[in-house]
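Novice: Residue strings, one per chain:
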Amino acid sequence: MKDINQAIIPERDKDKTPAIECIGLGIDFGGLTAVDNFNFTLGRTEIAGLIGPNGAGKTTVFNLLTKVYQPTRGKMLLLGKDTKDLTIAQANRAGIARTFQNIRLFKDLSVMDNVLIGLHNEIRYSLAEAIIRLPSFWRAEKVARERALDLLSIFDMADMAEKQAGSLPYGAQRRLEIVRALATNPTLLLLDEPAAGMNPSETGELMENIRKIRDMFQISILLIEHDMNLVMGICEGIAVLNYGRIIAKGTPDEIKSDPNVIEAYLGKKGNANA
Amino acid sequence: MVKNKKGIPRLLAYAINALLFFVFLGILNSLIASGIFSSYYVKILMLIAINIILAVSLNLATGFLGQLPLGHAGFMAVGAYASAIFMKATPLPNFVAFPIGLILGGLVAAVFGFIIGIPALRLRGDYLAIITLGFGEIIRVVLLNIDSVLGFNFTYGASSLKNIPKTTTVTNAFICVSIVLIIIHTTIKSKHGRAVLSIRENEIAAESCGVNTTYYKTMAFVMSAFFAGMAGSLYAGYVGILNPSGFAFMKSIEILVMVVLGGMGSMIGSVISATALTVLPELLRSFSEYRMVAYSLLLIIVMIFKPSGLMGTYDFSLSRIIGKCGDKISSHLRKGKEGRR
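So the sequence lines, in the order shown, correspond to chains A and B. The first sequence begins at 1 in our numbering and counts up by one. The second sequence begins at 275 in our numbering and counts up by one.
Any given hint could turn out to be false.
Stated by the list, open to error - No more than 30 angstroms apart at the CA atoms, straight line, and that leaves these computed lysine-lysine pairs for BS3-like: (1) K463/B x K163/A; (2) K163/A x K362/B; (3) K107/A x K580/B; (4) K107/A x K16/A.
Unchecked claim - Here are some chain B residues the structure puts well away from chain A; computed CB gaps all over 10 angstroms: (5) G399; (6) S433; (7) S434; (8) L471; (9) E475; (10) C483; (11) Y512; (12) K609.
Rather than coming from a laboratory, the hints here were simulated on the basis of the structure. Even for Gly, the Cβ is constructed at its ideal location relative to N, Cα and C.
Can you build the whole structure from these sequences, using the hints too?
Specialist: Here it is in structure tokens:
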């Protein structure tokens, strides 16, 4: 097995600090250890997958990375900087954006407003400027709206800008969540089951889009997914989680033939009758 | 030319708004001057203005921020007493003292809003309701029992604070309403307002979009308290005598009813329902004992048939309507031309 603290493709990003580096990250809920000894490094512009059976702790890892939970043990470096004591919002400003397993859009607001909230920290004017409606307010709003439309047009959603977010079809809601995350200008994008509930052709399109946004924005992407076609097709590196621990790490081909992974998913050989 | 999203050029929209403001103010004043509106009507008009400010400011915390504070009357009381004491003590002429008192009332209420908001906004839903309810009652009980501080007679407790200069007029109340509506509207339609709305929609998603939720919650809450304090100042200058019993729990509920009836998250809804719920009890005076029954029935009926409130989250936009009419007219003209060909 490879050195556990190495990025999966170390060659490409040799001289750069990794996008994220987790060292012995762990969290307990009461007496239950949900994630333990999580060592993981993700290089810049790398697409990696986090897979594992249900309840393995994948979403918990996401919540640790985005600071929804503070880790009990270990530390996490974002672009080489320690993220201790950051709040969720600060972690986002430091460069982590995410989507959610169960879509969390601002449903009653328009698609445009959803993206504009993603752009919140990019828009710079004070409350006083907004109330008096100084020209600087209108200028900043105009720039932000154009940027939002640009982002929406990546997914061909610019014509939906004035629609209510909750009224969009399911696939479009998932895409909007990605757009909103991209609007926060991240260095690391976390996608929690982006293909859930999508049909094969939509999933194919999604794979194209994930690659496209990586190339366009030069960001690293970590995704949780159960759709193995997507994971194997798009990820350059994969980490497999079971019972809160990483049991295997490597390229898709290595993972496919790893006996630990096969055991975690299918059970032990010769144990079928037990 | 710079245009709104839909509708008409921005400067024209401003001009129309300013024009409407002065026309409406002119009509009100001429009706009062010509004696068509008796002093009874004038009083109701002032009360409507105060209630609109209260309802719209509570709507900021309830409809837009999505919290449920039940101590709005407390903020109103703080503002009312602060400005009443100032107005009684100040040697300044009324036209100078009035705006100062107004802002002072708002600021004092805002300070209280800040102090209450910091711990209260860590809680959600019913817990926030209970803590603000407790706050409102504390204010009332303290005001009821304190007569003097360090030997200075301040609030006169249960025997009422009397002889407050009656500075509130229909004109300045109307101006206050307009200012409050403009400030809340412009706030909501800015990045700060969007942040507040995002907290209502989904707090975790808002945070992971980089929105500092604690800051924006406090901001909306403090603004809401500020305007409640302003309404309190207006109220002090309207009645001329303040008694703590006027700011009891039921007053908070009354304001909340206005907000819910009008539609949480709709400013025009709050304005309409504040007006209706101020006028209605007066209209029903002739039914004497059935008055409150009719009032309650109306509320029940609206809640059954339109649970989201009269206006839902709809907000009125004159420029949108004019723009739409303009589009229709121009498309008609175009059709007409094509037809002739």
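Novice: Of the hints given before, which are not true for this structure?
Specialist: 2, 4, 8, 9 and 10
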